[in-house]
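Engineer: Line by line, the protein sequences give chains A and B.
Going by this note's numbering, the first sequence opens with residue 1125, and the numbers climb by one from there.
Going by this note's numbering, the second sequence opens with residue 180, and the numbers climb by one from there.
Source of the hints: derived by calculation from the structure; they are not laboratory data.
Any given hint might turn out to be false.
[As the list claims (entries may be wrong)] From the structure, some residues in chain A lie toward chain B, with a derived Cβ separation under 10 Å: (1) 1140; (2) 1164; (3) 1165; (4) 1194; (5) 1228; (6) 1241; (7) 1251; (8) 1267; (9) 1284.
Being a predicted model, the structure only gives us computed values, none of them experimental.
For every residue, glycine included, the Cβ atom is placed at its ideal position computed from N, Cα and C.
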Amino acid sequence: MEWALSLTTAHRADRFKTSLQFITLPYRHLYATLDACKVADYVVLALSSEVEVDNWGDSLLRTLQAQGLPEVVTVVASPSPMEPKAKPGIMKSLLSFIQYFVPTQQRVFDLQTSSDVLNTVRAISEGRPEISKWREGRTQLLGEHVEYVDGLLAVTGVVRGAPLSANRLIHLPTYGDFQVSKVSVKR
Amino acid sequence: MTLKLYSGPLGRLARKSGQAGQANTAAQNRLNRRNQARQTQAQKRQALVSATRVFSGVDGAPRIVAIIPLTPDVKARDVVQSLESVLGTSTEQPPETGICKLRYVCEVTFGVGSFADDCS
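I would like the entire structure built from these sequences, with the hints used as guidance.
Structural biologist: In structure tokens:
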């Protein structure tokens, strides 16, 4: 939980009419990634056009596949733009690679192309994300703000899934199960 | 015998079928089919709206997006910055690893760059 910082930026406008909350994950942090995917509505898999996915990445994808992924959007985030001649081949191979793990993927978005970036944002802002069945009845909460208040750990966030019951135990990943002392609404 | 047929939102309803049954079943069936199709369409739209209601609005729940780099040269922070750039948000630096929130997001320009060029 130490790596969860919280930054909010306020921006009003009109088109997608939704708020987004990004969880940025470091490379090669298995448990952080697994925990993030448990609570996420969308998962953006960022591939590279220059470096192939290694065994660790492969294992990660298999683990995520086993755990159950929500709506997946695949992007290519390369440091420099792809050669126009090589691009279709690269995109095709990346798509077939990711389709092995997530068969429902139809295309890979290139973050160097502005229209593709827009399409990515649209993919994560519109419609209803498909969530794993096992999440349906469970209460989840992403801790946006975590602090100690009067000797108790106070976690602030948006409750998702099922309603939060104060009479049931709460599981904090890697820390265990805890009793709830108080549930309050933060305005 | 007169036959009253109502079409539109109430759907089709034959009040008195009388002797003209044979000729009317074709019309009946067509109207039934159309009404059915209209209802299915409305239900589908309604289902989508109700499913996305959680996320919509100023105080709606934010959509949680996990950015996962699969290779060492990809940084999640850069991905977030590319996505935010389209939205025209002037944000603080997203953290290298952590959570960052875009409240009530929208797209500001259509073709990126074209509006700005025209307006200048």
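Engineer: None of the hints should be skipped; say for each whether it holds.
Structural biologist: Checked hints:
1. With 10 Å as the threshold, the beta carbon of residue 1140 (chain A) comes within range of chain B, its nearest partner Cβ sitting at about 5 Å, so the hint holds.
2. Interface restraint check for residue 1164 (chain A): the shortest CB-CB distance to chain B comes to about 4 Å, inside 10 Å, so the restraint holds.
3. At its closest, the beta carbon of residue 1165 (chain A) sits 5 Å from a beta carbon of chain B; the interface hint therefore holds under the 10 Å criterion.
4. Given hint, residue 1194 (chain A) at the interface with chain B, holds; its Cβ is 9 Å from that chain's nearest Cβ, closer than 10 Å.
5. A least Cβ separation of about 17 Å between residue 1228 (chain A) and chain B goes past the 10 Å threshold, and the interface hint is therefore violated.
6. Interface restraint check for residue 1241 (chain A): the shortest CB-CB distance to chain B comes to about 5 Å, inside 10 Å, so the restraint holds.
7. Annotation: residue 1251 (chain A) was flagged as interfacial toward chain B, and the flag holds, the nearest CB pair being 7 Å apart, inside 10 Å.
8. Of the supplied interface hints, the one on residue 1267 (chain A) holds, with its beta-carbon coming within about 9 Å of a beta-carbon of chain B, less than 10 Å.
9. Taking 10 Å as the C-beta contact cut-off toward chain B, the hint placing residue 1284 (chain A) at the interface holds, the least distance being around 7 Å.
Of the hints listed earlier, the one the structure fails to meet is number 5.
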